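Q: Let's have the full structure, built from the sequences with the hints guiding it.
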Amino acid sequence: MSSLPLKTNISVLVLILIPVLTASCGFQLRGSTPGAETTLTRLYLTESEPSPVADKLRFQLETGGTDLVNDRELAQYRLRLQAYNVEQTVLSVSAITGKAEEYQLQLTIRLTVTDQEDSTVIDNRLIRISRDYAFDDTAVLGSVTERDVLINEMTDLAATQIVQVLNTL
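In this text, residue positions in the sequence shown follow our numbering: the first is 4, and each later residue adds one.
Please note that the accuracy of each hint is not assured.
List time: in silico EDC-like cross-link candidates among lysine to aspartate or glutamate, alpha-carbon distance up to 16 Å [to be verified]:
1. K59 x E156
2. K102 x D139
3. K59 x D74
Derived from the structure by calculation, the hints contain no laboratory data.
Predicted, not measured: the structure shown is a model, and the values here were computed from it.
A: Take a look at the structure:
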């Protein structure tokens, strides 16, 4: 009977130590915060054409504490997004029906960053994200919904990757 309290004490100690050790090594759950922390204070953001990546990026930057300014002269850095594109290619075709069974989605966007003196800091950097999904011609609506969900997730990831690139400045 005396060993039961000892086991309980060890269990409590282990339960306390696991989160403390995990947090001390810098571990964070992915997506645990709506916006990534940023090291930039003021950023001027432009885009060659409107894109959902820019919208998600604005949200992440503002949530992370970056002030998006309308006057490029006030900005610490200037970010230009361009060449946003989402492509869908066939990965596999049914040998029986000849119809596509699997697709690959690829999202690409390019970014250029300049500083206050208009010196190029990052030149034409490519962000590329791809995902595969199965297409079921008997459940077209579900497949289209899956495609839309994947594009939304890829857009979030592209914005997060751009924030990570900006944090290296």
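Q: Determine for every hint whether it applies to the structure shown.
A: To see whether the hints hold, each was checked on the structure:
Between K59 and E156, the direct Cα distance comes to roughly 11 Å. Compliance with the 16 Å bound is thereby established for this hinted pair. Distance hint between K102 and D139 is fulfilled; the C-alpha atoms sit about 10 Å from each other, no more than 16 Å. Pair hint K59 plus D74 does not hold up; C-alpha atoms about 21 Å apart against a cutoff of 16 Å.
The structure fails to meet hint 3 from the earlier list, while all remaining hints are met.
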